[in-house]
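Chemist: Letter by letter, the chains look like this.
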Amino acid sequence: MTCTGGHTAEMMNVVTALRKDRFTPRYYIAALSDNMSLQKAQVYEQSLVRVEADKEETLENAQFMQIYHSREVGQSYITSIATTLLATLHAMWLIITIRPQVVCFLFKVLGLGWSSIFYIESIARVKKLSLSGLLLYKLRIADPSIVQWLQLQQKYPRANYAGRLM
Amino acid sequence: MGDRGRRMVFVTVGTTCFDALVKAVDSEAMKEALLQKGYTDLVIQMGRGTYMPSKVSGSSTLQVDYFTFSPSIADYIREASLVISHAGSGSIFETLRLSKPLIVVVNEDLMDNHQSELAEELAERKHLFCARPQTLREAVEAMDLTALQPYEPGDAKPVVTLINKFLGFPVG
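Residue numbers (the working numbering), protein chains in the order written: chain A, 1 to 166; chain B, 167 to 338.
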């Protein structure tokens, strides 16, 4: 278990507000060491099944996967190198196996294709972007980056601010 | 707990290990400060920590109880008159949503300590009090609960509207 409790809540608030007919299928990916996040996503998807009449279709619209975590809270930077490498390989394997649209993500990184990557910075980041947020912002991979504090948007003008998720 | 006239302080560290906080609330000086403020019970959720506080029962003094994890943390928060929490955003917003007075204690042992950003910002906006383990007792003694402002919960809809706009979906 890691410090993902808050992030999961933020993410689920976004998923709840999305129109499900537009965003299908949905893949939920959480860290292997995180026992609670996928459970919360599963409970949510189950609740959709009850609301909608077409039961089987709704369950097929959601898939749940786990991935190696690149760095646990408190882990040293030295061992982080190995675990980050492992997590990256695992992430690439998942991208290849999930579906072609997501492979566009790789082309995008190489500057070849088009895809939409929305990066929402955690509400915990008030003054500075996280490392992932900074990479996606600086390399212009995310279109757009979304931040949850106005002062952060002022510091990174290409980021978008649309209020807070929590 | 739940009795009329009981005022419970709930301490939560989430899924982390934060012995410095557990030790700080387990000190005699801290218990004295909580009694002075009119609290009757101290319940500590200690997570993955290894420091064991001492349980105390009996009506003449502050009663102390602890546990490691619980699936119903929200119930404890709901029962509490004061919450003392680690700086994780999950615990912070859950407490604010339940409109409970909150002291957030920043764990200074974390390597990449961005956690204080959120607590300090929300403290500046008067939604909570922010402390360190070594300043917690002073924070308890000095706190004025009437100075706290209610937190208006966020809304995901504007973010989703933004995403829809970028994807070219009709907004609405």
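Just so you know, these hints were derived from the structure itself, not from any lab.
Do not rely on the hints blindly, as some may be mistaken.
[Claimed, not checked] With a cut-off of at most 16 Å between alpha-carbon atoms, the simulated EDC-like pairs for lysine to aspartate or glutamate come out as follows:
| # | chain 1 | residue 1 | chain 2 | residue 2 |
| --- | --- | --- | --- | --- |
| 1 | A | K128 | B | E287 |
| 2 | A | K20 | A | E60 |
| 3 | B | K189 | B | E286 |
| 4 | A | K127 | B | D310 |
| 5 | B | K331 | A | D143 |
| 6 | B | K203 | B | E290 |
| 7 | A | K127 | B | E198 |
| 8 | B | K197 | B | E304 |
| 9 | B | K266 | B | D310 |
| 10 | B | K221 | B | D241 |
| 11 | A | K155 | B | E283 |
| 12 | A | K128 | B | E286 |
| 13 | B | K266 | B | E304 |
| 14 | B | K292 | B | D275 |
| 15 | B | K323 | B | E307 |
| 16 | A | K128 | B | E283 |
| 17 | A | K127 | B | D241 |
| 18 | B | K189 | B | D241 |
| 19 | B | K331 | B | E307 |
| 20 | B | K266 | B | D241 |
| 21 | A | K127 | B | E290 |
| 22 | B | K197 | B | E318 |
| 23 | B | K189 | B | D310 |
Chemist: Now, for every hint given, state plainly whether the structure supports it.
Modeler: Hints, one by one, checked against the model:
1. A:K128 <-> B:E287: Between K128 (chain A) and E287 (chain B) the Cα gap is close to 13 Å, so the pair holds against 16 Å.
2. A:K20 <-> A:E60: holds (13 Å)
3. B:K189 <-> B:E286: At roughly 23 Å apart (the allowed maximum being 16 Å), E286 (chain B) and K189 (chain B) break the hint.
4. A:K127 <-> B:D310: It is violated: about 27 Å lies between the C-alpha atoms, which goes past 16 Å.
5. B:K331 <-> A:D143: Given pair K331 (chain B), D143 (chain A) holds - Cα atoms ~12 Å apart, limit 16 Å.
6. B:K203 <-> B:E290: The given pair, whose Cα atoms are some 23 Å apart, is violated under the 16 Å limit.
7. A:K127 <-> B:E198: With Cα atoms ~37 Å apart, K127 (chain A) and E198 (chain B) exceed 16 Å; violated.
8. B:K197 <-> B:E304: Holds, at about 12 Å.
9. B:K266 <-> B:D310: holds (13 Å)
10. B:K221 <-> B:D241: The given pair, whose Cα atoms are some 21 Å apart, is violated under the 16 Å limit.
11. A:K155 <-> B:E283: holds (15 Å)
12. A:K128 <-> B:E286: holds (14 Å)
13. B:K266 <-> B:E304: violated (20 Å)
14. B:K292 <-> B:D275: violated (25 Å)
15. B:K323 <-> B:E307: violated (40 Å)
16. A:K128 <-> B:E283: Holds, at roughly 9 Å.
17. A:K127 <-> B:D241: violated (32 Å)
18. B:K189 <-> B:D241: violated (24 Å)
19. B:K331 <-> B:E307: At roughly 50 Å apart (the allowed maximum being 16 Å), E307 (chain B) and K331 (chain B) break the hint.
20. B:K266 <-> B:D241: holds (12 Å)
21. A:K127 <-> B:E290: holds (14 Å)
22. B:K197 <-> B:E318: violated (32 Å)
23. B:K189 <-> B:D310: violated (24 Å)
The structure does not agree with the numbered hints 3, 4, 6, 7, 10, 13, 14, 15, 17, 18, 19, 22, 23 stated previously, though it agrees with the rest.
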